[in-house]
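Peer 1: Those protein sequence lines, which keep their order, are chains A and B.
Using this note's numbering, the first residue of the first sequence is number 1, and each one after it goes up by one.
Using this note's numbering, the first residue of the second sequence is number 1, and each one after it goes up by one.
Honestly, the hints are just simulated from the structure, not real lab data.
Everything numeric in this text was worked out from a predicted model, so none of it was measured.
A few of these clues could be false.
[What the hints assert, rightly or not] Ranges between beta-carbon positions, derived for each pair: (1) B:Q170 x A:V208: 52 to 62 Å; (2) A:S392 x B:A56: 21 to 31 Å; (3) B:K254 x A:I172: 52 to 62 Å; (4) B:E68 x A:P102: 43 to 53 Å; (5) B:G158 x A:E95: 35 to 45 Å; (6) A:S35 x B:Q170: 34 to 44 Å; (7) A:I172 x B:E36: 55 to 65 Å; (8) B:Q170 x A:G313: 50 to 60 Å; (9) B:G129 x A:G364: 28 to 38 Å.
Positions of the beta carbon are idealized from the N, C-alpha and C atoms, including for glycine.
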Amino acid sequence: MKCAVGVDLGSTTTKAVILDEERRVLGRGITNSRSNYDLAVDVARTEAFVAARFELLRRKVTGVAGEAVLDRLLRAFRLEQMLHQLGRLHVLMEEECGRAVPAEVRKETAAALAAIFRRIEAEETDAFAQPEAPRRSDFFRDLAGSAFTRAAEAYDAAAFDRLQGLFDKCIIRAENESLALGFRDHIGAALERIGRPADIAPAVDGAVNEEIDDAATVGTGYGRARLPFPKEQIRSEILCHGLGAHALFPETRTVLDIGGQDTKAIQVDARGLVTSFQMNDRCAAGCGRYLGYIADEMNLGLHELGPLAELSGRPTRINSTCTVFAGAELRDRLSLGEKREDILAGLHRAIMLRAMSLLARSGGVSNEFTFTGGVARNPAAVRALRELVHDSYGERTLNISADSIYTGALGAALFASRTAE
Amino acid sequence: MTTAPRTGTPADASRVLTAGIDVGSSAAKAVVLASENGEVTVLSHAVVRIRKRDIAAVIDHAFTSAVEEAGAGELHYVASTGEGEDIPYATGHFYGMTTHARGALFLEPRARSVLDVGALHARAVAMDGRGRVLSYKMTSQCASGSGQFLANIARYLGVSQEEIGPLSLQSASPEPVSSICAVLAETDVINMVSRGIKTPDILRGIHDSMAGRFVRLLRSLDVEGVTVLSGGLAGDVGLQAAIRDALSKEHLGKTAPVELVTHPLSVYAGALGAALWGAFRYRKLDLGGVAWTAKTSP
Numbered sequence: 001m002k003c004a005v006g007v008d009l010g011s012t013t014t015k016a017v018i019l020d021e022e023r024r025v026l027g028r029g030i031t032n033s034r035s036n037y038d039l040a041v042d043v044a045r046t047e048a049f050v051a052a053r054f055e056l057l058r059r060k061v062t063g064v065a066g067e068a069v070l071d072r073l074l075r076a077f078r079l080e081q082m083l084h085q086l087g088r089l090h091v092l093m094e095e096e097c098g099r100a101v102p103a104e105v106r107k108e109t110a111a112a113l114a115a116i117f118r119r120i121e122a123e124e125t126d127a128f129a130q131p132e133a134p135r136r137s138d139f140f141r142d143l144a145g146s147a148f149t150r151a152a153e154a155y156d157a158a159a160f161d162r163l164q165g166l167f168d169k170c171i172i173r174a175e176n177e178s179l180a181l182g183f184r185d186h187i188g189a190a191l192e193r194i195g196r197p198a199d200i201a202p203a204v205d206g207a208v209n210e211e212i213d214d215a216a217t218v219g220t221g222y223g224r225a226r227l228p229f230p231k232e233q234i235r236s237e238i239l240c241h242g243l244g245a246h247a248l249f250p251e252t253r254t255v256l257d258i259g260g261q262d263t264k265a266i267q268v269d270a271r272g273l274v275t276s277f278q279m280n281d282r283c284a285a286g287c288g289r290y291l292g293y294i295a296d297e298m299n300l301g302l303h304e305l306g307p308l309a310e311l312s313g314r315p316t317r318i319n320s321t322c323t324v325f326a327g328a329e330l331r332d333r334l335s336l337g338e339k340r341e342d343i344l345a346g347l348h349r350a351i352m353l354r355a356m357s358l359l360a361r362s363g364g365v366s367n368e369f370t371f372t373g374g375v376a377r378n379p380a381a382v383r384a385l386r387e388l389v390h391d392s393y394g395e396r397t398l399n400i401s402a403d404s405i406y407t408g409a410l411g412a413a414l415f416a417s418r419t420a421e
Numbered sequence: 001m002t003t004a005p006r007t008g009t010p011a012d013a014s015r016v017l018t019a020g021i022d023v024g025s026s027a028a029k030a031v032v033l034a035s036e037n038g039e040v041t042v043l044s045h046a047v048v049r050i051r052k053r054d055i056a057a058v059i060d061h062a063f064t065s066a067v068e069e070a071g072a073g074e075l076h077y078v079a080s081t082g083e084g085e086d087i088p089y090a091t092g093h094f095y096g097m098t099t100h101a102r103g104a105l106f107l108e109p110r111a112r113s114v115l116d117v118g119a120l121h122a123r124a125v126a127m128d129g130r131g132r133v134l135s136y137k138m139t140s141q142c143a144s145g146s147g148q149f150l151a152n153i154a155r156y157l158g159v160s161q162e163e164i165g166p167l168s169l170q171s172a173s174p175e176p177v178s179s180i181c182a183v184l185a186e187t188d189v190i191n192m193v194s195r196g197i198k199t200p201d202i203l204r205g206i207h208d209s210m211a212g213r214f215v216r217l218l219r220s221l222d223v224e225g226v227t228v229l230s231g232g233l234a235g236d237v238g239l240q241a242a243i244r245d246a247l248s249k250e251h252l253g254k255t256a257p258v259e260l261v262t263h264p265l266s267v268y269a270g271a272l273g274a275a276l277w278g279a280f281r282y283r284k285l286d287l288g289g290v291a292w293t294a295k296t297s298p
């Protein structure tokens, strides 16, 4: 089978989308961006190909029972990947322990590491046995980080700092190594783990041997200039987001994309081609990093901000534009006794006000209007946008897709599928 | 906490004890001064960084440390400045421009301007020989090129605050940087590092960009003579060198080149100025009595 691949190398995350010959999405993959761009692309692609092979499997199995077995197989596969990464991280930390830890505590530190990794592996295996595992982060860095912190604290509070220091050093190395995480690397073990069900084993063997030929790849995103692709395989983010949004919602005429480092307001025609756009210029105010900075200031997780802001009855009016100044204003207001949720709601409104001015300069908000990028997953941001758009432009259909973070990669994949023809 | 009522006159009315508290966006600074027959002595000073903690507690910590170190049982005037408008035990509040001017003049009598570089803002103040503010100007509402910006960059580079200056001095070919967002700087730094640019060159490039901005501030005030570098970044030798270079490159000063000086107590310029103005007001208004005694301490 011939397929087209789109890669969106963003400042925060790297995304890949694979399309089949009928331009249907076959698989999506995401990873956190890192200093080694090539590797980030490689990991996102590998993830997308894993998802693609599972999608091919899904097209073959039938009925609810088949779906359930596949879900279980996917979870077993994720567990095998995780155990593989944990194993490598453990080896790296042992090596670092041998180099950097003082000789008198080296032995006990190595023993602590062994115990901690045993515990994390047991936790992961147990979680697999639970029927309903809670949704967790997509990234090994986050998963391993929180598990390690928990296990290290429980094992030896006195040695916690040393253990955490080792982790911080080695997680970066582990992330910048190319590990075997593909479908063929782990599907066998995953199948064994669920007991090689007779009804699915042949289909799995088929999926392993299915040739997926990536006929064309197109790259986009913040780091596109550094992608290991020839120039003709690179498209601007603006074009890709326009086309991607058009593919998701064909009636789209205006696209707002808020990513980690920039915000784009784009107008597209009936074919999804860009007619005008505006972009903010190297300033965090008004893009995703703004909310990330605020979350750090408040010692909250990024995903906690939106739901907290949603509790507000009276959003505060924020005076600062600059992110750093807004952080200072936040601290001032908290010390004056203002409610956390009100300030947060005000901050969400402030970032959307910036987006509104970009939209106005790009030509306003036409029907239909599509909101993409990581920030589109934040409910308070969506609510603020909805209100502001309604105030300025009246009734508008606002489209948001669960996969909005992949919009740029989807657009890139569509460009790739055109060149493949 | 309320201000203690003024009762009686102090035992020795000629010796006036005052405290100055300067609250910035990243630290609280406090000093205690004694002034007697026109002679001013700095009895103590303390600086406490806020680090995301409760500001009121940080202020109390700085004030108490300074008072204890000075061994002061009572104070005739507690003066606040900066963002310390609502300190409950303060006798009065003075504006940042006036306190920095007065404090700089105290540290360097030849000074006719002060360049205050804090965590979020930088400002230039021109004054006369008595500390009267003639004009002032602040940087805009963007943290690019602020102290916080430099601190962020240093963190991404794995450099401690104290190492910034000495490293910057080692630079052979500074990497020019234009305005970089303080929050997005991390990716810019990653790009620079991946292009093989050395840490000293990155730091000096940032110092040069900051210095250019500060010199433009000073130029807009038409400063002459000596300018004092104050605020949290005053001790950064790399920044000092960059400003001196920029001053001479821009030929600031009509009659003689503008000279940049600093002082070990430069970070306390605002607090010193507040304490001095407090003593001045105490005498001028003939307030009498004490404003604060150890019993009412926070």
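Peer 1: Confirm or reject each hint.
Peer 2: Each hint, compared with the structure:
Range check, Q170 (chain B) to V208 (chain A): Cβ separation about 56 Å, and the 52 to 62 Å hint holds. Distance hint check: the CB atoms of S392 (chain A) and A56 (chain B) are about 41 Å apart, inconsistent with the given range 21 to 31 Å. The supplied range of 52 to 62 Å is met by K254 (chain B) and I172 (chain A), whose beta-carbon atoms lie about 54 Å from each other. For the pair E68 (chain B) and P102 (chain A), the supplied restraint of 43 to 53 Å is violated, since their beta-carbon distance comes to about 38 Å.
Separated by about 21 Å at the C-beta atoms, G158 (chain B) and E95 (chain A) break the suggested range of 35 to 45 Å. Checked against the hint of 34 to 44 Å, the pair S35 (chain A) and Q170 (chain B) fails, with Cβ atoms roughly 24 Å apart. The hinted window of 55 to 65 Å between I172 (chain A) and E36 (chain B) holds, with their beta carbons roughly 59 Å apart. Between Q170 (chain B) and G313 (chain A) the C-beta distance comes to about 55 Å, which sits within the given range of 50 to 60 Å.
Between G129 (chain B) and G364 (chain A) the Cβ separation comes to about 58 Å, which falls outside the hinted range of 28 to 38 Å.
Comparing the model with each earlier hint shows violations of hints 2, 4, 5, 6, 9; every other hint is respected.
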